[in-house]
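Student: Each chain is listed here by its residues.
2 protein chains.
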Amino acid sequence: MLNRIPTPILIGILRLAANWPWLAKKINKLVINKSIDVCRHRPHPWSTIHDYVSWESLTEKQWSARHLPAKILNPPKNDIATELFRRKEIRYCSKSTCLFPAFAQYLTDGFIRTEMPGKDEPDDPTRKRNTSNHEIDLSPLYGRTIQQTRSLRLLSSNEGKKGRLKSQLVDNEEFAPFLYDESLNIKPEFTTLDFPLMSEKFKGNSEILSRIFAFGGDRANASPQVAMVNTLFLREHNRVAGIIEEANPQWDDEHVFQVARNIIIVLFIKIVVEEYINHISPSIKFIADPEVAWEAPWNKPNWITTEFSLLYRWHPLIPDELKWGEINYPVAKTIMNNKPLLDIGLKQAFIDMSAQRAGRIGPFNTAESLLDLEAKAINQGRLCQLASYADYREHLSLSRPKDFSDISSDSAVVDLLRRIYHKVDDVEFYVGLFAEDPDTSSPLPPLIRTMVAVDAFSQALTNPLLSKHVFNEDTFTGNGMDIIANTSSLKDILERNIPGELKPTDFVGMTRLN
Amino acid sequence: MLNRIPTPILIGILRLAANWPWLAKKINKLVINKSIDVCRHRPHPWSTIHDYVSWESLTEKQWSARHLPAKILNPPKNDIATELFRRKEIRYCSKSTCLFPAFAQYLTDGFIRTEMPGKDEPDDPTRKRNTSNHEIDLSPLYGRTIQQTRSLRLLSSNEGKKGRLKSQLVDNEEFAPFLYDESLNIKPEFTTLDFPLMSEKFKGNSEILSRIFAFGGDRANASPQVAMVNTLFLREHNRVAGIIEEANPQWDDEHVFQVARNIIIVLFIKIVVEEYINHISPSIKFIADPEVAWEAPWNKPNWITTEFSLLYRWHPLIPDELKWGEINYPVAKTIMNNKPLLDIGLKQAFIDMSAQRAGRIGPFNTAESLLDLEAKAINQGRLCQLASYADYREHLSLSRPKDFSDISSDSAVVDLLRRIYHKVDDVEFYVGLFAEDPDTSSPLPPLIRTMVAVDAFSQALTNPLLSKHVFNEDTFTGNGMDIIANTSSLKDILERNIPGELKPTDFVGMTRLN
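Keeping their order, the protein sequence lines are chains A and B. Residue numbers for the first sequence follow our numbering, beginning at 141 and rising by one. Residue numbers for the second sequence follow our numbering, beginning at 141 and rising by one.
Same shape as in the complex, but just chain A (with noise of 0.2 Å):
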């Protein structure tokens, strides 16, 4: 029933009930709901293995789930990564500070890992399957396994280092080992490691190599602002880990290590709901309830799909330029390079990508160094045999466009796709999610933002850390939970990972202040 009340009345109920904490549960629990059912729940009847339900395509999750099963269509030949999606001059999105992208990247980085193909021929299935956990677990700070989990760790016994991931102090601040020696051979405690992407392009690079870190994620060096994201949980890790080892003096390296790392993970899963979230959210001011998703019938194990990992390929966000301390870097001059972030430090890291404007997600907006990525997205929507961007719309409930200007208001994308596909059913996937019109009051056009936000609830909510017999003090102890009850931003963990305090005047934030 109350999921019929349209959306702009709920906004209005949630806004007078912000200071009535029972009502404002009871709204978040309802809007969440909302959000998730304007599609099927998972089990995902199908995956990129077979174009049919079959026991391999409902339990072998290195291929990607999907939402809609393959269709054919007849994509144009044009070059439409080029027209569509090159950026002239850049635009500036409204709301987002460089703050954004660093954690949308560091965060889907984690679960979002489409396997790369060794060549990018027409028929390689690789892009189609994945090497993902499915889980918010912060694989790029812990290994995605086991064995990686522990090359990571100090696995020290003694009192005041139980429980801590190896680190480094670097002019006095604390960063992860560095990943080579100083012959530029990855060190033997870390051949378990993923090696990281891209590394081959800098073969023999010692100003790249020499500053690459030890960590979990191979995509986790990608770049100084993703690095950044990862040392400031490496940190929190190890101080958590030292609380944790106080309070806990009969405990163990691997007790005081598994409670601090559950305490860490459900840290970061606040700050994807009550920041990033909330970001993204053109209104509505979530919290990270977990009761939320006990009994909610979409509570069904996480399973990345192919769509997911094309729509998040937030290209545009990224400006041309980043400036980190004094000098700016052409966005080239950032890939794998750790160095601005080693110069600057991690307090003044943060200042600095919360100072900078991110780019608007949209038409015409993607650097040319990143082009290449665009054709690529849209090569696997047509390997992966993906229906149509009208098709997509319909599936999440949102209207199905009848002509190209139901997609943009704008006459050059309208024209362009007008020329470039017959008929607005034609529109692919990719080419539609960003030829939507730009949102002001989101950092995201509609149809990526819904399907964001189901796959985003309905994949953070059911961690297993979450769930109703085991978030509570047995798991977290009461430091823990008293961590995770005083944790929603990521400057709420900074300023216990820095040295000194921020001033007033040091922003930090996703979100511009206006």
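Don't take each hint at face value.
Copies of the same chain are indistinguishable here, so a pair counts whether it falls within one copy or spans any two.
[Claimed, not checked] List of simulated lysine-lysine pairs, DSBU-like, C-alpha gap at most 35 Å: (1) Lys341 x Lys327; (2) Lys301 x Lys268; (3) Lys563 x Lys608; (4) Lys211 x Lys174; (5) Lys201 x Lys327.
No lab work stands behind these hints, which were simulated from the structure alone.
With the hints as your guide, set chain B onto chain A.
Tutor: Leaving out everything else, chain B in the frame of chain A:
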């Protein structure tokens, strides 16, 4: 509210409702929910990897889950296995034929897959781990992995052979191919399969090894009763594949195979609920209604517990001898021996197993040759630091025993338990399970029956093939839906897969005719 209606009243209503399908469906759902709601739902906080909640205890499924956290008891030094379990003279079950243990073993070997230790050393962690997929996936028939499945398939594109599993004719009856070649080496095409358990013991024994079938499961050759059940499903798979192929001539081998497998797995689940669980149930006749689980709060990812792996060791069901055709085989002579099955054929095998009484589950009733398995089970409970029998009664919402006489009305059992344990609270889980008074209306004593109901319903009905957007004609085809609707017993399937017909006097079933 309705959950509070006492079970006897529900049973009365259910009987009245037998002719009202709509009401029967409602009550079926109610009673299933009631059976599951006696204890905590998944996700289980703990597994055998840690004594506390950790990310690994919540995600690494090669460690067995646990219903209750680790607890250190003071186990007695007595040889309780021999004293409590040894059979002097067989006691028969009043309800079950030998088809019941045959099916129970086949069923559970598919997902209760405790890792077998190299050596049985006190601290060997292998018995804490498993090789289960945690689903009812018919792995004894199809294998545990994609590679194993492929090696069991015919993989033929020829008409009349699509989608089939490999098979051979022996005396004009269809069986799986043999695993070993004439030199008693495993055929190269089958080296991907798990090595049959216990085959080491028969090294060089051509009588035994030459008749071992190439089955998906490493335990499916353990006895001719188990091989018999797998052979039935092999034939049914190939028969159904023929129907699917004929109705869909444009489909390739892969498509025919996958749809046939979808159907066979659901047939199997139907038999689990409508024949096997109904045999266990003291009165209610359950129906395998997929909808029961769709929005149920207990529909959470399956994970076999270490308790489940112990409570399912129903050695007393096995009589001292089994008659195959005209020959009485001592149980020890049936181990790994497929000759009896090949000699008399599938039809007679099912008739013979249905004609013999199973032993009664309970104390003093395990055959001498199986006694060492009881000792191993007790040791596994100690290795996994299981809580006490009394704790588990309480966990399952059953009365907590206050005295030894609350466990059993048999003075020999009470005296024995009193002599060995100091307090009733010290009685171990495995010991208590089998010390309880048997029941005349069910082959299982109360605690085992309660735990089987929880884990069977909450892990069978959550099968992804039964899920809301999968259980339909797209997944199974119209023919498949008809086959599913028209199957509720092993006899139904047997009749389709034997030469000739069953005579009216040929009884096939788990429940003895009175």
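Student: How would you classify Lys563 and Lys608 at a CA-CA limit of 35 Å: within, between, both, or neither?
Tutor: Classified as between; 33 Å across copies, 49 Å inside a copy.
Student: If the cutoff is 35 Å on CA atoms, where do Lys211 and Lys174 land: within, between, both or neither? Let me know, please.
Tutor: within (28 Å within a copy, 43 Å between copies)
Student: Have a look at Lys341 and Lys327 and pick one of within, between, both or neither, based on CA distance no larger than 35 Å.
Tutor: Cα proximity of Lys341 and Lys327: one copy only (19 Å, versus 46 Å across).
Student: Can you give me the call for Lys301 and Lys268, within, between, both or neither, at a CA distance of at most 35 Å?
Tutor: between (42 Å within a copy, 29 Å between copies)
Student: Within a copy, between copies, both or neither: which one fits Lys201 and Lys327 at a CA-CA cutoff of 35 Å?
Tutor: both (31 Å within a copy, 30 Å between copies)
Comparing the model with each earlier hint shows no violations; every hint is respected.
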